[in-house]
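Asks: Chain residues, written in single-letter form:
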Amino acid sequence: MKPDLFEAPDYYNVDELLSDEHKLVRDAARQWVKREVSPIIEDFAQRAEFPDQIIGGLAEIGAFGPYIPVEYGGAGLDQISYGLIMQEIERGDSGVRSTASVQSSLVMYPIWKYGTEEQRKKYLPKLASGEFMGCFGLTEPDHGSNPGGMVTNFKDKGDHYLLNGAKLWISNAPFADVAVVWAKDESGRIHGLIVERGMEGFSTPETHNKWSLRASATGELIFDNVKVPKENLLPGKSGLGAPLGCLDSARYGIAWGAIGAAMDCYDTALRYAKERIQFDKPIAATQLQQKKLAEMITEITKAQLLAWRLGVLREEGRATSAQISMAKRNNVEMAIKIAREARQVLGGMGITGEYSIMRHMVNLESVITYEGTHDIHLLITGMDITGHAAFK
Amino acid sequence: MKILVCISHVPDTTSKINFTEGDTKFDTNGVQFVINPNDEFGLTRAMWFKEKQGANVTVVNVGGPETEPTLRKALAIGADEAIRVNAEATDGAFVAKQLAKVAQDGGYDLIIAGRESIDYNGGMVPGMLATLTDANFVNTCIGLEVEGNEATAVREIDGGKETIQTSLPLVIGGQKGLVEESDLRIPNMRGIMMARKKQLTIVEPADASNETKAVKFEKPAPKGAVKLVSPDNLDELVSLLHNEAKVI
Ligand SMILES: Cc1cc2nc3c(=O)[nH]c(=O)nc-3n(C[C@H](O)[C@H](O)[C@H](O)COP(=O)(O)OP(=O)(O)OC[C@H]3O[C@@H](n4cnc5c(N)ncnc54)[C@H](O)[C@@H]3O)c2cc1C
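Protein chains in written order, with my numbering: chain S, 123 to 514; chain C, 605 to 852.
For the record, the hints were derived by calculation from the structure and aren't laboratory data.
These numbers come from a predicted model, not from an experiment.
Mixed in with the good hints, there may be bad ones.
Among the chain C residues that face chain S by a calculated CB cut under 7 angstroms, a handful are [to be verified]: (1) 615; (2) 618; (3) 621; (4) 677; (5) 838.
All C-beta atoms, glycine included, are put in the ideal place defined by N, C-alpha and C.
My request is simple: use the sequences and hints to build the entire structure.
Replies: Written as structure tokens, this is what we have:
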């Protein structure tokens, strides 16, 4: 793999919208990715292995629950900082960012928002330090875009709950110490339960042969009469809105993360185009390559402004789920298109693991599907502006 | 041990360099600033003294408010406090006089500066600072140990190394070798959070004058065009070198 020469584009001086602390947090994450992720990630992705040696570093740069209050082991940072950290991590690899998103938004967030004080004290500090890794089980084999139809369920057995069912496509599942699992009670209402590795009847087989997010471990969660202690139920919120609240947080982070992947592809393609000589001149001097590169920087700049504005709204507690859907959908599509175009700028070189582009490109196929597919986010915007739900 | 680390706020090494105002001023537009690399090696060594020998580390910079993020980064890396002398760093003598005032007021045992800052590459400040504070001085320093009042410093000399025994108070002009690149620290979240509460004191400059003034900056001439000669056409190559380039 070539040395990481990344220089972040900032065509509209978006940095001026950031505070000094935002930039400090962002630059630390950027430096860390250059030092710890870039040199190893291609190899781990090729071998379809999660690089667990980076867990400690992810915790150090604040990738695990940066907005969780300090008293629970978080960094107490704002939403823009969270976004910037996700951007920098995904600049390295969407799989690594997925691990951080899941830990922050899908595991720590529900425990913080919907958990009891005991649950917060028990789990959050260990999740923030990376001592515990978590996963989030919502999707089922027969219920992806329609999670409300889930069949995983639990029954009240007096001194415990009895959990049965299965979850599919769960990031971090193969190595997670704790799982936040969404299941229906006897009346059909959805609740979150904290399931711990080692509970009898709970297993997490790995899903192999992914052609995307290869450096992130994905698996199933299987619950075969698992006895879950009653104190492991998240009491603060129930119904589909509870997992969707977590998804809002994760999708917000993805809207930023996708910018990182796009920046890396653009920066690589720009540098390559200036250096690659064909027909006695740099390919960057041709109109067709300029069209690609000019459109890339335009789209990145628009995506940056969208994410920044969404961050401000979210920090003020005003961002709606539909606004988050729009940014996730727009920015991921922007990134995947840039990855595809950038790959072509590199010609045959874009096909090899010497450059990060094709890895980003196939990674983004998962990103455009998980956390609500590209179609579903469009339907959410459609519902929001017309008042008609077209997906039901 | 009280350590003062002098931190220069310089353009990142990948910055595009341009000048304005009739080539008399550096154009900071769109430029990212960082801790001067030579100073960062020194700061990292200072962290070692803090952790292993309980040293107290202050960082100082002579510059305007725009340099504060660089000092905050030094605090996030682990320095205990920061001082900014509120003045534009116009020449080496002026900066050295300002730093000398800070050094004398704070009573530091060890002052770590960089051999040179990578913006203007003056390389004058550490030597002047040592003279002004009446301290010992080791330049191009690539290794430093302190035991009580005694210091052992390693200096890079042409083609080798020199080990020097000296005593505090001491000023060094540090560089890579004090620590290696892989030892440089990335501020972690705990450090960034702690930096919020650390003191950054702004002091007004001492009365001092410049001894020099930059009248003009010039960039190297742009590289000329390349002429490619086919490997089996040596006669043409020789003829070009002789008749056009006039080097043989
Ligand atoms: C690598 C990876 C990691 C993942 N990690 C997690 C995780 O950690 N936790 C978790 O719970 N889930 C996770 N997922 C699951 C992910 O969220 C789902 O794959 C996603 O929600 C889509 O569900 P599905 O795959 O069942 O597709 P389906 O819902 O079956 O969709 C198939 C296609 O039909 C379209 N479609 C569906 N409904 C409609 C409609 N009403 N109108 C029009 N088109 C429609 C979709 O847009 C899509 O194109 C992960 C997935 C991947 C690939």
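Asks: Each hint: holds or not?
Replies: Tested hints:
| no. | hint | in the structure |
| --- | --- | --- |
| 1 | 615 | violated, 13 angstroms |
| 2 | 618 | holds, 6 angstroms |
| 3 | 621 | violated, 15 angstroms |
| 4 | 677 | holds, 6 angstroms |
| 5 | 838 | violated, 22 angstroms |
When each numbered hint is compared with the structure, violations occur for hints 1, 3 and 5.
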